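**Q** Assemble the complex: chain E is given as a structure, and chain C must be docked to it using the hints.
There are 2 protein chains.
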Amino acid sequence: MNAEIISIGTELLLGEVNDTNASYLASQLALLGANLRWITVVDDNMDRLVEVLGRAWKRSDLVLATGGLGPTQDDLTREAIAQMLNEDMKVSEPLLQNLKAMFAAMDRPMAATNSKQAALISSAQAIPNPRGTAPGWWVERDGRVAVAMPGPPAEMQRMWQREVMPRLQARIQGRVVMLRTLKCFGLSEAEAGETASQFGDWGNPSLGIYAGSDGVHLRMIARAASCDEAAEMIAGSEVRLRNMLATHIWGADDDTLEATVGKLLAERGLTLATMESCTGGLLGSMLTDVPGSSTYYRGGFVAYSDEAKVALGVDLRLIEQHGAVSSQTARAMADAACQGFGADIGLATTGVAGPDSVEDKLPGLAYIGISDRLGQNSVEGRYPPARLEVKRRVAIHALFVLRQRLLVH
Amino acid sequence: MNAEIISIGTELLLGEVNDTNASYLASQLALLGANLRWITVVDDNMDRLVEVLGRAWKRSDLVLATGGLGPTQDDLTREAIAQMLNEDMKVSEPLLQNLKAMFAAMDRPMAATNSKQAALISSAQAIPNPRGTAPGWWVERDGRVAVAMPGPPAEMQRMWQREVMPRLQARIQGRVVMLRTLKCFGLSEAEAGETASQFGDWGNPSLGIYAGSDGVHLRMIARAASCDEAAEMIAGSEVRLRNMLATHIWGADDDTLEATVGKLLAERGLTLATMESCTGGLLGSMLTDVPGSSTYYRGGFVAYSDEAKVALGVDLRLIEQHGAVSSQTARAMADAACQGFGADIGLATTGVAGPDSVEDKLPGLAYIGISDRLGQNSVEGRYPPARLEVKRRVAIHALFVLRQRLLVH
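Each protein sequence line maps, in turn, to chains E and C.
Note that the numbering used here has the first sequence beginning at 838, numbered continuously upward.
Note that the numbering used here has the second sequence beginning at 838, numbered continuously upward.
Keep in mind that the hints were calculated from the coordinates and are not lab data.
Careful: at least some of the hints might be erroneous.
Intra- or inter-copy, both count: the list cannot distinguish identical chains.
Claimed, not checked - Taking lysine to aspartate or glutamate pairs in the DMTMM-like style, the calculated list, with each CA pair at most 25 Å apart, reads:
(1) LYS1198 - ASP1126
(2) LYS937 - ASP911
(3) LYS1198 - ASP944
(4) LYS895 - ASP884
(5) LYS953 - ASP1038
None of these values were measured; they are calculated from a predicted model.
Chain E on its own, in the form it takes in the complex (with noise of 0.2 Å):
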């Protein structure tokens, strides 16, 4: 199957938004084994489009389109795609309703120009867009496929996963591609690597090794004739490997270290406190990013200043004698944490998120805290020195912190 990408936005050419939809996809299509061969990226202008989207049409099986389907004059996919395949839109009335529906429940009121984003052309079905306004378009005729889903990332993604994905696969036989990623933490991607390439030859399944935001991902690709097949090829492979990583190991595949952590904390029926000082609210934002975490996360202190953590509960003493940014504060922020909420367990984070230094410390250095009935510990992490990357890393850490924690409880 022949397949080629569009990315519709005049934005994309003014180089203003980079174009990860156009990547996203490649990478997807490969997992689909289909052959791309074209991406291109064009402005929001009518007669290019038209003629773009006729070539792709006419020379590849599968075309991927995203952007352009908002509710303003400058939005011309559908109108692009009418054009090209000659066909009329309509505005479709059970669409039409849908969209009121939506802007009723947010209480906002629907501009006129919103209801094109209720049209649709005779081969062409609407896709479901629960994030947001602009539905998709499955376009097929002649055996060929054309595919219009949203330009902002998190509608497009969703569009594709649970929607467009499964039909192209229902459509494609006889081949099995089977992904399994593996994530870990506490190891760089090169240790992972030579760890891996003491197994030998990693041809099928292949294995790549990546830098995640929560660590470092092995994804194994296994191609095969039948799901069975390809799910022995990588059980087995990932057998080997969590032989030689275990203790780096935290999940598989959509799994985040937040629901890992929620999941172990709702099964020993333990709850959580947070103090947080370099995260800024950060830990506490992804703790609560897990449905149902209210179960167990009883809340959190943002504590910025040293006023704040003694006015929490932290010995002032400490704080004096080792600095705010030191293991032993890190341990009474947790326990103050503890303390403060009525949790069975605190974590706490301090450090030097920059760009300046404080008490001498350089931007980079932190220390995690952890306080529950078995006593409190303490670990220092150092972290690229740039601001928001070191609040994403420490409150990362503090979980993967937690979670070996709460594997002996």
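**A** Frame of chain E; chain C shown alone:
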């Protein structure tokens, strides 16, 4: 000048490498005032490469190609340009001597295949590349220009900055493009579009309307003969937009809401504290993304449960009477944050992040509370009912509410 970018490399179509060269060159072309019409990504395949290059050469005044200049068999850019222009490739003796000297300096043997990196056609001049073994090609014929640059971003960017851009600037005279983005909150893309369309024609400056993560962005692009003229055009349009959308516009260009409120707080010598329920720490995290936020951000409470809210100073009777998700509770939370941290302003969020309803209130409903010496206030918001989206939008909305409040301080 119509321009076109061609990114060459099979790895780009496998989604393994994100094509950052294209967006870099796109933003550079915008500054040069060139009209970038197409970006095409194509794999290392001779037929497709010649076809894509040929189409670009025909329809564009300037073609910028990156990648495919390496020494191996799958590096085909030179060969494809030669075939497209029907010219013969010949190894240039001075380039070959250069290349040999380069390998000698690195104390590495030169493979025979490297010699093709010293080849030219009669329409091509070599462009120096001190960072790698592949010189670029500057191809000029019939008033058109094609430039082939290496794929590694460091090599490409140096070649662009030092060699290619200066030559292009010399060819372009009397053409300036200026960009200005106004950032709004509290109105939809469609509403912004309807308001802007009341000014009639938006030819030059043109106006693009986009949904950003922090509200709606209005981007003006002026094309003129001089910087002064372009600046004047932008200024005139900006005044018109600001007159109509004054209460919605909170910033421009690289501004962020968290930095904007930080600046206002610092200017007024005011301090801030937060109490977050549905945002779970995200609001504190955004505030502390700004370097120097410790001077005005006293700290925050993450109070997910009713018990935590009460323990931190919210009157239980208020919650019992009106619910945790109510304007009354939001105001009391803001006040409790103020008191708890001894801050001038308290900012609070409470809402239903979902997926489950709370107190018979549907996901997507939230209240933002604010409390300061002027009194207490609250704002109701309804957001698309996806958990992370609710959190993000409530946090952004809270920052906007804070900004509006700070303007009257």
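**Q** Checking LYS937 and ASP911: alpha-carbon separation at most 25 Å within a copy, between copies, both or neither?
**A** within (22 Å within a copy, 53 Å between copies)
**Q** Are the CA atoms of LYS895 and ASP884 at most 25 Å apart within a copy, between copies, both, or neither?
**A** Intra 17 Å, inter 17 Å, cutoff 25 Å: intra and inter.
**Q** State whether the alpha carbon distance between LYS1198 and ASP1126 is at most 25 Å within one copy, between copies, both, or neither.
**A** between (32 Å within a copy, 19 Å between copies)
**Q** Taking 25 Å as the upper bound on the Cα-Cα distance, should LYS953 and ASP1038 be classified as within, between, both, or neither?
**A** Classified as between; 22 Å across copies, 53 Å inside a copy.
**Q** How would you classify LYS1198 and ASP944 at a CA-CA limit of 25 Å: within, between, both, or neither?
**A** between (50 Å within a copy, 14 Å between copies)
Going through the hint list in order, the structure satisfies each hint without exception.
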